[in-house]
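Take the given structure of chain A and dock chain B to it, following the hints.
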Amino acid sequence: MPVASSAEASRPPLISLADLVYLLYPVLPIRAVRALARLQASWFRVTERQRWRAVRANLAAFMEGTAGQGSADLLTRRFFTYRQIRRAFIVLGPKLDGASLDRFFPLEGLEHLDRALAAERGVVLLGSHLNSMCGFLARYQLQRRGYDARLSLPVDEPPFLESRVRRLLDRLAGRPPNAIFDGLLRIQFNVRPLMRALAERAAVLMVGDGWHSSGFVEAELLGRRVLLTSGPIGAAYAAGAPVIPLFCDGIPGECVRLCLEEPILPPPGAGPAEAVRVMVRDFAGRLDRRLRANPACWEHWQEPHALDEMARLSDRPVSTRYRV
Amino acid sequence: VVASVEATVTGFLQAHYPDNPDARALVQGASLLRSGLLDSMAAYELVGILERRYGIEILDAEIVPENFDSIRQIEGLVARKLGDASRR
Chain A
1 MPVASSAEAS
11 RPPLISLADL
21 VYLLYPVLPI
31 RAVRALARLQ
41 ASWFRVTERQ
51 RWRAVRANLA
61 AFMEGTAGQG
71 SADLLTRRFF
81 TYRQIRRAFI
91 VLGPKLDGAS
101 LDRFFPLEGL
111 EHLDRALAAE
121 RGVVLLGSHL
131 NSMCGFLARY
141 QLQRRGYDAR
151 LSLPVDEPPF
161 LESRVRRLLD
171 RLAGRPPNAI
181 FDGLLRIQFN
191 VRPLMRALAE
201 RAAVLMVGDG
211 WHSSGFVEAE
221 LLGRRVLLTS
231 GPIGAAYAAG
241 APVIPLFCDG
251 IPGECVRLCL
261 EEPILPPPGA
271 GPAEAVRVMV
281 RDFAGRLDRR
291 LRANPACWEH
301 WQEPHALDEM
311 ARLSDRPVST
321 RYRV
Chain B
1 VVASVEATVT
11 GFLQAHYPDN
21 PDARALVQGA
31 SLLRSGLLDS
41 MAAYELVGIL
51 ERRYGIEILD
61 AEIVPENFDS
71 IRQIEGLVAR
81 KLGDASRR
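Residue numbers (the working numbering), protein chains in the order written: chain A, 1 to 324; chain B, 1 to 88.
Fair warning: there could be bad hints in the mix.
A few chain B residues facing chain A, derived, Cβ under 10 Å [said to hold, decoys possible]:
(1) S40
(2) E62
(3) I63
Don't read these hints as lab results, they were simulated from the structure.
Backbone N, C-alpha and C fix where the C-beta goes; we use that ideal spot for every residue, glycine too.
Next comes chain A alone, as it looks inside the complex (with noise of 0.2 Å):
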């Protein structure tokens, strides 16, 4: 998950722009916030040149073949408005009600799930960085209904922080500030609280693309060699945890649908390392399938060379594989 490093995160700015979509909805309609996302997108053609050019060629790479060079700068405009939207919804998911949630962040597939905790064990929502930021409306989607969801970042403290003046604006509306990251377990190499959270039967939503990890697995991904983190699934098995793929699919500002999957199962008979091995290129195989339909979603997209660098993962120095 694309997140602010902690140094930048405990310095929250005065003001931003979200603070206005923030105080104006649902006065601002959501098409309002759209359209002013797709100006945003055009003005970071020019402020994050470097990014835009990085996400184009990476997106060119993946059509090659397949689609005109029109099509990768259309992609690439997609990718940075759907980029903006997700933010706006962050911001806002504090203020959405039931019906709103419902709308642009449906569930679906929850049978899985239920079906999972009835084991008496807790279970990881396996999610990816398609649309990931929308996971953190996952977690109010199963909050409202119950679920005992609770959200992970490789993080201390969370992304996006409020602006100040967000901030006084909550305290006048009576809600807690950063509402959205209540709760949140901070696990990166150290996986305690993540055993913790599972022994008390919660559903915690993670990332199975995620950079930043000890342990990887060879998995074919949008037909390159890439390495997927092993931490989640290794740590679920560990534990006895199902995994439910949990993929955010859809289109940000119309509908981004919270799709539970079928759980991901070890083979049977299989030892530790080999059921992981297994367990994540199964992951690998949905996620495939998932960005290929929606590819302008993909947040991994805005690092130059994305699927290089995936398949290079194991390279990284210690004092950087961890930095976020």
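Quick look at chain B alone, frame taken from chain A:
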């Protein structure tokens, strides 16, 4: 204690990776994380072993790569925790 920690860590890793030559030829300063010998799950198990064997409590904030990347760093952590305990 230092020799004992080294034996504990090497014994743990060799039991985990009986066929891995890196686990058999561990040297004190070698990076356990880069070699892939110690991932977060192995660290979780190792922390439990160290806590039980030395009667120490390793805090969540201390379970960081900087304390677990080599046998020497793990020895340093255990020695600090034992020193803290003896001062109390």
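So, going through the hints one by one against the coordinates:
Interface hint status for S40 (chain B): upheld, as the beta-carbon distance to the closest one in chain A is roughly 5 Å, under 10 Å. With its C-beta approaching chain A no nearer than about 9 Å, E62 (chain B) sits inside the 10 Å limit, and its interface hint holds. Given the 10 Å rule on beta carbons, the hint for I63 (chain B) holds: about 4 Å separates it from the nearest Cβ of chain A.
Going down the numbered hints, you'll see the structure goes against none, and every one checks out.
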